[in-house]
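Asker: The lines below spell out each chain.
4 protein chains.
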Amino acid sequence: MRQIRTDLAMESAGAHGAGELPGVSVSGWDAGGVQITEVLIENEEGAKLLGKPVGHYITLECDGVRQRDPDARTAVGVLLGEELARLLPEGKGPVLVVGLGNRMVTPDALGPLTVDGTLVTRHLYSELPHLTDRRMSPVCAMAPGVLGVTGIETKEMVRSMVDAVHPRAVIAVDSLAARSVSRVGSAVQLTDTGIQPGSGVGNHRSALTKDSLGVPVLALGVPMVIYAATIARDAFEQLAGEDETMEQDQALDQLTDELLAGSMGEMIVTPREVDALVEDAANMLAAGINRALHPGLSDQDILTMMN
Amino acid sequence: MRQIRTDLAMESAGAHGAGELPGVSVSGWDAGGVQITEVLIENEEGAKLLGKPVGHYITLECDGVRQRDPDARTAVGVLLGEELARLLPEGKGPVLVVGLGNRMVTPDALGPLTVDGTLVTRHLYSELPHLTDRRMSPVCAMAPGVLGVTGIETKEMVRSMVDAVHPRAVIAVDSLAARSVSRVGSAVQLTDTGIQPGSGVGNHRSALTKDSLGVPVLALGVPMVIYAATIARDAFEQLAGEDETMEQDQALDQLTDELLAGSMGEMIVTPREVDALVEDAANMLAAGINRALHPGLSDQDILTMMN
Amino acid sequence: MRQIRTDLAMESAGAHGAGELPGVSVSGWDAGGVQITEVLIENEEGAKLLGKPVGHYITLECDGVRQRDPDARTAVGVLLGEELARLLPEGKGPVLVVGLGNRMVTPDALGPLTVDGTLVTRHLYSELPHLTDRRMSPVCAMAPGVLGVTGIETKEMVRSMVDAVHPRAVIAVDSLAARSVSRVGSAVQLTDTGIQPGSGVGNHRSALTKDSLGVPVLALGVPMVIYAATIARDAFEQLAGEDETMEQDQALDQLTDELLAGSMGEMIVTPREVDALVEDAANMLAAGINRALHPGLSDQDILTMMN
Amino acid sequence: MRQIRTDLAMESAGAHGAGELPGVSVSGWDAGGVQITEVLIENEEGAKLLGKPVGHYITLECDGVRQRDPDARTAVGVLLGEELARLLPEGKGPVLVVGLGNRMVTPDALGPLTVDGTLVTRHLYSELPHLTDRRMSPVCAMAPGVLGVTGIETKEMVRSMVDAVHPRAVIAVDSLAARSVSRVGSAVQLTDTGIQPGSGVGNHRSALTKDSLGVPVLALGVPMVIYAATIARDAFEQLAGEDETMEQDQALDQLTDELLAGSMGEMIVTPREVDALVEDAANMLAAGINRALHPGLSDQDILTMMN
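Residue numbers (the working numbering), protein chains in the order written: chain F, 32 to 338; chain X, 32 to 338; chain Y, 32 to 338; chain L, 32 to 338.
Watch out, some of these pointers could steer you wrong.
For identical chains, the list gives no copy identity; a pair is met inside one copy or between any two copies.
Stated by the list, open to error - Here are the computed lysine to any residue pairs in the SDA-like style, where the Cα-Cα straight-line distance is at most 20 Å:
(1) Lys186 <-> Val196
(2) Lys79 <-> Glu187
(3) Lys186 <-> His154
(4) Lys123 <-> Gly327
(5) Lys186 <-> Leu155
(6) Lys123 <-> Thr152
(7) Lys186 <-> Tyr156
(8) Lys186 <-> Pro101
(9) Lys186 <-> Thr152
(10) Lys186 <-> Leu52
(11) Lys186 <-> Leu328
(12) Lys123 <-> Leu155
(13) Lys186 <-> Thr224
(14) Lys186 <-> His197
(15) Lys79 <-> Gly45
(16) Lys241 <-> Gln98
(17) Lys79 <-> Asn314
Simulated from the structure, these hints should not be mistaken for lab results. Predicted model, so just to flag it, every value in this text is computed and none were measured.
My request is simple: use the sequences and hints to build the entire structure.
Answerer: Next up, the structure:
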């Protein structure tokens with residue numbers, strides 16, 4: 032069973048071609064220039080096939096985001112707000128936004144930068160109880176840092192904060208790795224399955240899921256790198272043409288594993304302008320989060336309060 | 032009873048002139064070009080006089096630090112390591128370094144930047160138990176962010192981390208405000224009394240003390256700003272000369288309170304080169320922390336591992 | 032003759048009270064929530080009175096800018112574009128935008144950051160001659176750095192670039208120092224008199240004027256600091272009440288000179304949130320410049336191309 | 032004739048195997064843990080073979096640099112200072128250090144960051160003529176920015192500065208692209224041939240040579256990226272084993288050209304920790320430049336004055 036490495040469920044599904052996949056349903060539509068793809072992994076068979084847990088995976092894509100068009104970011108932010116609101120569980124308690132990753136490593140800074148743009152309100156409720164009337168939610172946020180900088184597992188840190196603030200849900204934001212160059216810096220994936228170990232730009236993410244944290248975990252990410260193995264594969268497939276055999280395929284899998292185990296494994300493949308793209312992506316995600324959690328605020332209110 | 036606003040106990044003591052103060056003992060010496068001042072607040076009388084809790088306050092000063100001399104930073108770092116080791120309680124469990132302040136506000140970034148330079152080791156102990164033999168300690172670190180960015184009180188966040196990792200002590204690092212221009216960016220204060228509410232560059236620090244956290248709290252800071260009221264006072268005192276009266280003094284106190292309650296209260300007074308000074312100071316503090324906690328490592332080891 | 036220290040002509044004029052000033056005319060109006068003040072220094076008498084050269088000084092103020100309202104920045108940017116277009120000389124050749132100041136000193140980074148947001152086009156004209164039809168102008172930009180970092184006088188560097196690219200005008204952008212706290216980070220001054228020596232946040236700006244460069248020089252700036260002496264003066268005036276005498280006034284002048292000659296002279300007084308304010312201000316100035324120079328582009332075009 | 036893409040002459044030479052190359056002489060030695068390789072391209076035949084102009088290319092390599100060991104950086108800095116001093120022409124006039132590249136694109140920021148660490152002195156000579164006695168040289172520096180940000184060709188900008196300050200030599204610093212992962216962030220190349228068009232991290236560097244500027248140009252660089260095509264090649268060669276044929280080789284060349292012409296061409300391959308590595312490399316280069324130009328200063332003096 033062939034699995035490609037990608038944090039995007041839609042790429043995992045796409046690698047299997049156009050036909051029906053057992054335990055997986057894929058649908059897609061366009062909304063105002065944004066392509067939305069929803070992958071539903073229905074059961075363990077589908078999960079095994081795509082290498083991802085059972086749940087919903089929604090991807091929003093818009094070419095303009097990569098061309099740094101602010102209108103495109105706004106369009107994606109609006110739709111993201113709607114989808115996020117749909118997946119967020121009802122209930123009491125604040126929403127806790129967790130920005131994963133290392134602020135000092137540019138393509139891994141998406142989570143911390145998104146936290147910077149998130150409109151936090153939890154601390155205002157004691158003084159300003161009328162906020163509830165304005166259809167704002169209590170929101171808090173943290174950027175826990177990475178294990179090498181803190182000496183504390185991310186899971187441990189988030190878990191203890193969940194115990195302290197009793198959120199009704201966690202939204203975990205992370206930089207992803209994708210298969211296709213065209214999705215880097217532009218596609219947004221939203222899932223209700225949380226963060227899986229080993230995903231993301233940093234090598235050793237720990238799992239942040241309902242199982243590990245005790246509350247529902249939505250995960251939100253944008254691919255900021257592609258796997259180096261992608262280049263080797265693309266080159267090979269282009270060279271081999273259509274008639275790639277199963278043996279060649281397995282040889283290539285093994286080969287890229289070897290490459291990544293060596294010095295190439297420390298390398299990342301990223302767009303030249305990643306410094307700017309990661310800021311754009313963080314603004315877009317923060318806009319979506321703010322819309323979903325504070326539906327009573329106008330765009331203008333959110334922009335003003337975000338700053 | 033006259034109290035000047037400063038986070039440095041030595042300046043509070045100094046404002047009372049050269050004589051003996053009830054409940055306060057001050058001593059000073061020079062060590063290799065570094066001036067060390069130790070203020071011991073012995074009882075509540077002394078505490079009330081200086082506006083600071085009972086405990087030890089050690090200040091290290093070296094002119095060269097402000098002139099950005101790396102040798103001066105090294106000299107202070109070495110002495111700081113010794114003093115810190117002397118105050119650190121024995122015991123089991125890691126030391127938790129907490130970097131207070133807002134990374135996005137230059138003079139308030141001292142805490143988070145110090146965490147960046149702290150050599151964390153707690154996560155290595157399960158894999159590398161022989162580390163203990165090398166006279167290294169388990170160390171973990173966090174930069175909790177400020178209330179306006181997280182919606183969570185710093186105390187709440189640190190408290191929950193203390194509950195999770197059971198440290199033998201917390202070292203809290205913070206930007207301070209001082210009275211004297213000459214100490215900005217250069218003097219280091221170390222105290223065993225923790226962080227007091229209302230101190231620091233951010234207006235509303237919450238208390239981090241043994242009472243609030245349940246473990247000993249050492250606090251470490253460098254003044255990065257001076258109080259705006261200082262300038263008004265300096266100007267006034269220079270104008271009035273020696274014969275300032277008690278009434279004038281009180282009038283000035285009231286005046287500066289009014290100034291700070293107005294738009295001037297949002298202003299900070301800081302050296303032009305504060306962007307560079309705060310990085311220097313963070314490196315100096317991190318070097319001191321690393322020496323105190325990992326006495327078995329050479330300077331070279333520490334430098335290499337810090338990077 | 033009393034002169035207050037400020038880079039804003041409107042503050043210099045305001046310090047003389049509400050009456051008529053010889054050689055100076057002041058007018059003001061409101062445009063969509065933005066207060067516009069135009070100071071015209073008509074002759075040498077006015078120039079001596081205000082300590083600034085003969086010419087036009089237009090200040091745009093909007094409270095919302097300081098509160099970080101993006102709408103307020105847009106409103107100021109639009110008006111700035113119009114005023115700038117009005118002052119720009121007709122003619123052949125590109126416009127050269129010069130961002131003065133030191134990128135590494137937060138409040139002094141306004142110029143370099145504005146250059147980052149300026150839409151440069153000069154290099155496209157050889158390949159895309161139809162740009163002219165779209166009512167775009169050839170624009171080039173430089174951030175020459177400061178003397179301590181380059182070893183080259185700013186004037187020398189700009190002069191040699193003027194000789195190379197033959198611009199029809201220079202727009203010099205600089206951080207200013209103001210008298211009033213309320214104008215820091217929010218008021219924009221535009222003048223046709225160029226940059227005067229000794230102004231700005233850095234101590235020793237060299238003159239950039241039509242005399243020194245040989246082409247018209249417009250200067251554009253936002254105050255990012257206030258003079259430390261301001262605080263002393265404000266305190267004193269509040270203390271002394273209405274009945275401040277001329278002798279007291281002179282004493283205070285002398286006093287603040289002494290303060291600034293000492294260690295206080297290295298200090299700047301700046302808003303706590305200056306890191307964010309200087310970015311906002313740079314975006315606002317770049318938007319104004321882009322509108323003035325590329326009137327054929329829509330706001331959307333400019334935003335997209337700026338990124 | 033096979034040419035691999037790399038900015039390092041030693042890699043171009045190495046691709047041809049161990050034998051003698053016509054018009055090229057290669058020598059290597061070890062100095063205190065630093066491997067030095069000198070490639071001398073003697074004539075046009077050698078130049079054509081390696082795809083680089085006639086001249087000297089000295090590469091300094093030290094594993095510790097990539098591991099972020101400060102001792103390793105110091106060792107390379109010392110040797111670089113010696114080699115640079117050897118190549119610098121005698122004569123009157125300052126040395127002009129030019130930092131190429133885009134400060135806002137992390138791996139392309141090496142040049143501007145090196146300028147930040149360069150000890151400039153040219154502006155001090157009029158006030159402090161005794162500097163000459165201390166074996167310091169007049170040094171000035173500029174970071175001209177990239178064409179897309181300035182609208183001015185780098186060559187044009189440097190040329191006009193050369194006309195203004197009449198340097199005895201230019202030292203141009205640039206981020207390079209290499210073939211081998213192990214050299215990224217660690218190998219330093221020094222050459223007396225200047226900067227060639229099309230090299231570096233930015234796509235369209237203009238030539239900075241004695242021909243184009245009228246004064247000798249030394250170029251100094253560290254690879255911060257590898258060519259994406261490298262990965263494809265490495266994968267392929269590993270797959271094909273030893274018996275790669277000439278046709279396969281050519282097919283692969285064509286293939287990687289195609290890859291780079293597509294969306295992959297915008298991608299860069301860079302170490303995960305490039306943010307930190309580029310700062311280390313800039314410090315190392317600045318240390319070498321400062322030693323070469325100010326031999327009368329001790330290391331301590333240089334460190335202090337650099338800050």
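Asker: With reference to the structure, classify each hint as holding or not holding.
Answerer: A quick look at each hint next to the structure:
| no. | hint | in the structure |
| --- | --- | --- |
| 1 | Lys186 <-> Val196 | both (15 Å within a copy, 13 Å between copies) |
| 2 | Lys79 <-> Glu187 | neither (28 Å within a copy, 41 Å between copies) |
| 3 | Lys186 <-> His154 | between (24 Å within a copy, 13 Å between copies) |
| 4 | Lys123 <-> Gly327 | within (18 Å within a copy, 50 Å between copies) |
| 5 | Lys186 <-> Leu155 | between (27 Å within a copy, 16 Å between copies) |
| 6 | Lys123 <-> Thr152 | within (14 Å within a copy, 38 Å between copies) |
| 7 | Lys186 <-> Tyr156 | between (27 Å within a copy, 18 Å between copies) |
| 8 | Lys186 <-> Pro101 | neither (34 Å within a copy, 33 Å between copies) |
| 9 | Lys186 <-> Thr152 | between (24 Å within a copy, 17 Å between copies) |
| 10 | Lys186 <-> Leu52 | neither (33 Å within a copy, 50 Å between copies) |
| 11 | Lys186 <-> Leu328 | neither (32 Å within a copy, 30 Å between copies) |
| 12 | Lys123 <-> Leu155 | within (16 Å within a copy, 38 Å between copies) |
| 13 | Lys186 <-> Thr224 | within (15 Å within a copy, 31 Å between copies) |
| 14 | Lys186 <-> His197 | both (15 Å within a copy, 16 Å between copies) |
| 15 | Lys79 <-> Gly45 | within (15 Å within a copy, 46 Å between copies) |
| 16 | Lys241 <-> Gln98 | neither (36 Å within a copy, 38 Å between copies) |
| 17 | Lys79 <-> Asn314 | neither (34 Å within a copy, 48 Å between copies) |
The structure shown violates the earlier hints numbered 2, 8, 10, 11, 16 and 17.
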